[in-house]
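Novice: The lines below spell out each chain.
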Amino acid sequence: MDMLRYILSVAWKEVQLIVKDRGALAVLFLLPILLASLIAAPNVMFAEEQAESAILLDVALVNQDPGNFGTEVAKAIREIKQLNVETFDAVADAEGRVARGQTTAAIVIPADFSQAIDAYAPTAIEVIVDPAEPESSSIVSGIMNQVVAEVTIWGEVQYGIRSVLEQSSLLANASPQERRALEAQNLGVIMTRLNEMRRSPLIAVVSEDLAGAESDPNWVLKYLAYVFPAFTVMFIFFIVGISANSLLKERETGVLRRLAAAPIPHAAVIIGKMLAYMVLACLQVIVLLGLAKAAFGVPLGQSPGALVVLTLVTALVATALGMLLGTVARTSSQAENLGYLLGFVLAGVGGSIPIGPTTMFFRASGIMGILSRLTPQGNAVDAFNRVMAEGASFGQVLPQVGILLAMGIVFTGIAASRFRFQS
Amino acid sequence: MKALSVAWKDLHILLKDRGTAIRLLVLPLLFIVITSGALTAMTADQNQGDRRIPLPVVDLDGGEAARTLVDGLEAAGGVQVQQYDPSEATALLNENELDHVLTIPAAFTEDLAQNRTVTLRLVSHPNAGTARTESVRLVVEGVARDMALETQILASLQQMGQMLADAPPEYQAAFAVERTQAQARSQFERASSQPLVAVTQRVPTPVGGEEQEELASANLLAVPGYAVLFVFLTAQATASSIYEEKKVGSFRRLLAAPISKASLLAGKMLPNFLTALVQTAVIFAFGAFGLRLLGIASVTLGRDPLALALVVVLMALCSSALGLVIAAIARTENQIGGLSQLMLWVMAIVGGSIVPGFILEMFLGPLPRIVPHYWANRALDNVMIRGLTLSGVTTEMAALLGFTALFFVIGLWRFEFE
Numbered sequence: 007m008d009m010l011r012y013i014l015s016v017a018w019k020e021v022q023l024i025v026k027d028r029g030a031l032a033v034l035f036l037l038p039i040l041l042a043s044l045i046a047a048p049n050v051m052f053a054e055e056q057a058e059s060a061i062l063l064d065v066a067l068v069n070q071d072p073g074n075f076g077t078e079v080a081k082a083i084r085e086i087k088q089l090n091v092e093t094f095d096a097v098a099d100a101e102g103r104v105a106r107g108q109t110t111a112a113i114v115i116p117a118d119f120s121q122a123i124d125a126y127a128p129t130a131i132e133v134i135v136d137p138a139e140p141e142s143s144s145i146v147s148g149i150m151n152q153v154v155a156e157v158t159i160w161g162e163v164q165y166g167i168r169s170v171l172e173q174s175s176l177l178a179n180a181s182p183q184e185r186r187a188l189e190a191q192n193l194g195v196i197m198t199r200l201n202e203m204r205r206s207p208l209i210a211v212v213s214e215d216l217a218g219a220e221s222d223p224n225w226v227l228k229y230l231a232y233v234f235p236a237f238t239v240m241f242i243f244f245i246v247g248i249s250a251n252s253l254l255k256e257r258e259t260g261v262l263r264r265l266a267a268a269p270i271p272h273a274a275v276i277i278g279k280m281l282a283y284m285v286l287a288c289l290q291v292i293v294l295l296g297l298a299k300a301a302f303g304v305p306l307g308q309s310p311g312a313l314v315v316l317t318l319v320t321a322l323v324a325t326a327l328g329m330l331l332g333t334v335a336r337t338s339s340q341a342e343n344l345g346y347l348l349g350f351v352l353a354g355v356g357g358s359i360p361i362g363p364t365t366m367f368f369r370a371s372g373i374m375g376i377l378s379r380l381t382p383q384g385n386a387v388d389a390f391n392r393v394m395a396e397g398a399s400f401g402q403v404l405p406q407v408g409i410l411l412a413m414g415i416v417f418t419g420i421a422a423s424r425f426r427f428q429s
Numbered sequence: 011m012k013a014l015s016v017a018w019k020d021l022h023i024l025l026k027d028r029g030t031a032i033r034l035l036v037l038p039l040l041f042i043v044i045t046s047g048a049l050t051a052m053t054a055d056q057n058q059g060d061r062r063i064p065l066p067v068v069d070l071d072g073g074e075a076a077r078t079l080v081d082g083l084e085a086a087g088g089v090q091v092q093q094y095d096p097s098e099a100t101a102l103l104n105e106n107e108l109d110h111v112l113t114i115p116a117a118f119t120e121d122l123a124q125n126r127t128v129t130l131r132l133v134s135h136p137n138a139g140t141a142r143t144e145s146v147r148l149v150v151e152g153v154a155r156d157m158a159l160e161t162q163i164l165a166s167l168q169q170m171g172q173m174l175a176d177a178p179p180e181y182q183a184a185f186a187v188e189r190t191q192a193q194a195r196s197q198f199e200r201a202s203s204q205p206l207v208a209v210t211q212r213v214p215t216p217v218g219g220e221e222q223e224e225l226a227s228a229n230l231l232a233v234p235g236y237a238v239l240f241v242f243l244t245a246q247a248t249a250s251s252i253y254e255e256k257k258v259g260s261f262r263r264l265l266a267a268p269i270s271k272a273s274l275l276a277g278k279m280l281p282n283f284l285t286a287l288v289q290t291a292v293i294f295a296f297g298a299f300g301l302r303l304l305g306i307a308s309v310t311l312g313r314d315p316l317a318l319a320l321v322v323v324l325m326a327l328c329s330s331a332l333g334l335v336i337a338a339i340a341r342t343e344n345q346i347g348g349l350s351q352l353m354l355w356v357m358a359i360v361g362g363s364i365v366p367g368f369i370l371e372m373f374l375g376p377l378p379r380i381v382p383h384y385w386a387n388r389a390l391d392n393v394m395i396r397g398l399t400l401s402g403v404t405t406e407m408a409a410l411l412g413f414t415a416l417f418f419v420i421g422l423w424r425f426e427f428e
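Which chain is which? The protein sequence lines are A and R, in order. Throughout, this note's numbering is defined as the position within the first sequence, counted from one, plus 6. Throughout, this note's numbering is defined as the position within the second sequence, counted from one, plus 10.
This is chain R alone, in the form it adopts within the complex (with noise of 0.2 Å):
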């Protein structure tokens, strides 16, 4: 009851403070909109709706070959085929207006038909980005090898007849020149429209779950990232109001006052706790509804509700619990202020709210797994991204809750009214 009072106390003076209270909230809104792709989304003034890279190709050739490589890319899906004039192509990607550039060479169609080596060129700007210029480039090799095939088998054939050049007369007939033609052409056909051997991609289907059907999107990603990475930052609002408490001797007054310690802490970390909650709805409702109303892609929030709460619970008492770890340590305003700041931001990077947590892991090794962000994020990624339910977050809810305890014994073990 007591901690009640000192939270009530507290939760009246975060309002009052609207500047804190809009920067916990929009922000994190804000970091959304710009790394989910959302800002990019909302201005775009061409191709609405098309996600395909957008890929113009030179043709140089013009011939039936060509022809095909085009249509097979346009069916390949993932790039948009935009034919460009060679002098245009060039001015705009050197005025960075085309990311990429595809020229086929002149007698394209002739050189296969040789079976001579033929090159595409697939020229980029620098501001392309590195991955989307592979993406391009697996793309257009996956073509390029597919129309590949039927010169390979015609070839194969021809080489088969001409190693059977000593045989007896009905084996050279057998491997005619139109003979091994039509028979190139009839595997190529099918192989076109059914491949002899695919590459499948699913996503693992949860146990009792429905079967997923695509890869998390670049927003589903961020949303659970910047949740942890915001909700921790409050931390330092719980280490702020202490000091403020310290500076201003109300402490000094409760020694009198017929509270515990603990009564006292825990109402200190009330008004975080239930701003914690708050911020995170607003994150997850903005993700799920919000980002659909910016013409993206909205989250989704997983299968198991009450999974998701027990775990956004457990993150914002372990928040408000190392924001009493950081007021014990702090001495100064400007080490809560400053100091506390950076080590919550380097925490969250550390974590992976920002860069994912199994890129992190290849260069930082088990280093992440120190800090609480990375079990809030693995918490959050099994039950939104891979669609877990509470069995299969135990591991990731132990330890937030230990981080918890370990936290609000350090922060009520060097707590000072003073």
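Just chain A, with the same shape it has in the complex (with noise of 0.2 Å):
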């Protein structure tokens, strides 16, 4: 009983000293939640303009053809709601303003270009794109091909039917009314085709998830439950530096050796200390999942034990990591330091840092999944995307848990077995 109500007194004294620290505070809460936030915004008001189909990129059109093939397609351009089109009359201009950054792209219909499709003539129409925006500039591209689709199965049929009539003299041979009745003609079937390959292409290409529904709805909530646990789990680690930094300026003040003179067990300061940390870890998890969760509709899966272990363990891991730290450590600026490189070095490896689904590097096959699951960040974000994303249980992410429970026991293990009351 006594050496829980020391090591309760040395965790109080510790949270006190925290509370006091609105810096590190502000690093702990504030910033994962304003980089979550700033990732996570675009991503939901990207998904919602896909549904919306509003206003994305700003492009320039040129339009040098005067014949009906370049009026069809300017048109159609200026129809596509993801696009905000700016016409200019010469194409320097508009490769001018894309030069400097300030349209997307610049499209340019050629001079010849209704000629070319007449005379069935290869012709192009060009995308000037902004070698600094790639992903702008590869959608202008997918728009301007499904354009170009159209305008190609027209020219291709008004050709082949031409061709035809040619071969077989028929058209020499026509009257001016008969001539003007196959024109019609022509007209209708291309018409026909239009509707058809609009209403259903003849190869259509249908994109599945695993389950096979289509294009998985909810994928910008899927990537969010990856985006918040990883940040959350990289801040957490961040407590390494900062416990570590604790434990050796109480060495250097002569605090711990004032300690162990108290007639206080030694394993229940180092114990409260982690105790306080471990609160504040907790802390984090549910001030960031919690505003996943309420701000951005996060699912945080079916299985809130698993999230509590997962927490715990997550949790227990980035003290002891810490508390070993403190105790490999010279100086508490040299601890400090080395936390802040630890944590970032970690978080990288470990899939921590969530700029994309491409840095989910614990789910990698060969080296770099390895990497990445020898770590404990990688773990943790594995598991907590499991349960959050996917629906996982408990039992599921068992493997995991096991993984940073064995991590934080061996850390503790160490550092308890190096630690010194003065150094």
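The set of hints was computed from the structure by calculation and includes no laboratory data. Note that the Cβ used here is the ideal one computed from N, Cα and C, for glycine as well.
Beta-carbon label-pair distances, calculated as ranges:
1. A:M197 - R:A186: 21 to 27 Å
2. A:S15 - R:L102: 54 to 60 Å
3. R:T404 - A:Y126: 46 to 52 Å
4. A:V293 - R:L102: 36 to 42 Å
5. A:R263 - R:A319: 52 to 58 Å
6. A:P128 - R:E74: 22 to 28 Å
Need the complex rebuilt from these two chains, each delivered in its own frame; the hints are there to steer you.
Specialist: Pasting the structure below:
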């Protein structure tokens, strides 16, 4: 009972010190909130815009073709809701805007566009893209490929019918009235084909997820169920440097020496410190994942028990690693710098810096995947993501929980064996 | 001269703090390595050198049309076709050993020959990533559209033949099956090698410069962004240094010395300025040479070294001046440590150092323009990625100079010796 009281006394002292360090609290709580929110907001916005086809990109349009095809393509481009189109007369003006990064892309319809299609001569629409916006460039080029698909069908069908008629000398012998009738029928066929192509393409491509659902409508939330836990875990591990720094500062200022003389078991000092920082880590999880749920609707999964256990073991590993660093580093300043560096390096390798889905290294194959799964961050983010995004149960994340627990015990063991009250 | 003495003393202190030096130089490189895809490239155990997205294909048809589709996918670029058995592909996809599986249905060839609609199924694992899945889907759709062209032409000719059913016999003979098939085939073959209407993509030719060939890669986008982020993070060092001086009372002693407030602050700015220059040089050198050693494309530094140098100098000055403002506003060590770090990270994110500026402007509007990071990022992008010269970054440089002057004046106005 006394042991518990001592542990709680040390923990309470530590909590009071932590609360006074507003700067550290800002880094541990506000920074991950801001980072995660700033990554989440554009994704949510894009998902909503995809659904509503809102304006996404500024493009400059130069139509040099006075013919029908140029006019039709220009009209089609202006009707695309994802594009905010500004028309220019000269290519140089439009290109200049792209070169200066003022417009995402310039679309140039050449002067002989209609003439070339009528004569069945290859032609091309040029898309001049901003090299600094590769994602937008792909979207504009993809849209233009869809736009020209219809013009291509028009040109090909027109040429095919005309060729057959010419090869049979039917056109040469036809009266002007017959020619007009054939042209009208030709146009009718083209329109039928285009409508058919829009209504049901001959070869349809269906994109599905594993369950067979077409393009998962919850992809943003599933992605955010990676972003929020990743930032949470990343910033939990910044406790490593802070707690090691605190331990060494107390040794440097002689506080530990005085505690050694007090009737408090030595283990209570370490356990009390760990307890305080574990509470801090648990609060980080509650605040960040609570915000993710409340502000962005990020799913928290079906297993609250699994989330609680995961939070506790992650907090244990982070604080144990902090104590271990406190016994390895020589000065408080060295401990802070090493902790900072360790936090970033392990977060980077562990896939806990979520810049995109490609940074989920813990799911990768090969050496990168192995390295990632060797870090506590990799295991923690993997397990949080499985519970939140995939609805995994406690049993399904038991391997990651086991690995984290083992790491926590090993780190605590080493830290305890190396710990000295004075240098 | 007095400012130089102050700066020289501060540089000595900074160089002794190896932890801070490592943090300032190692962290930016670490961020670049992680986000540029270098980590993946360094440890990739398969398809080395092949940057195409692997596309496992299950061919349940085995006919000529299926082979044409597979050949078309290979020729399209962007994806690398790998053939799998259905059961093997399903198992590997479930275990996330594969990201995507494209299934060509049975009777694909026969259905196409009969002008019946067919469906290709692209199944993706949730971890494949939306952008990657979308890229694969666009490639498959493009090839499918090209393949359907022959059928579209043939169907059109047959429809025209039917419309002329009541016409004289010579019209019906013209649209006989053999003739229309031959016509459709010849047009399709021509379109395969030379499409009637193509979409070509290029980047703008800078005035007086050579034509660029490629869009920016992830690493080219990462290097300027992180250079700006970490250069401005050094502002905290200036603020900490001023706070330390106040704490130990050395500024109080300087009150009695014949040194002006402006000289003192200039002296406090100089070490941070030099650190930022060294930091940028290390980041750019790593981008230009280091990334190549890691097996990924190196970045270009643009075609106007003078413009790049001036932008870097202004950026370093602005960061140092920002440090004065932090020192003037912050009242405690905690505020300088945590809160200023928070502020600097937020400014960097809003300014487009992590999420590209053109994306942020879509939902933040003109807000990013109120932070110097935005102008620094724009200036570096213009010089390094867009290949612009000094005349192309005058607005951005003027903005950085304006921020520097504003920060220095605020720092001077709010500065207290104690």
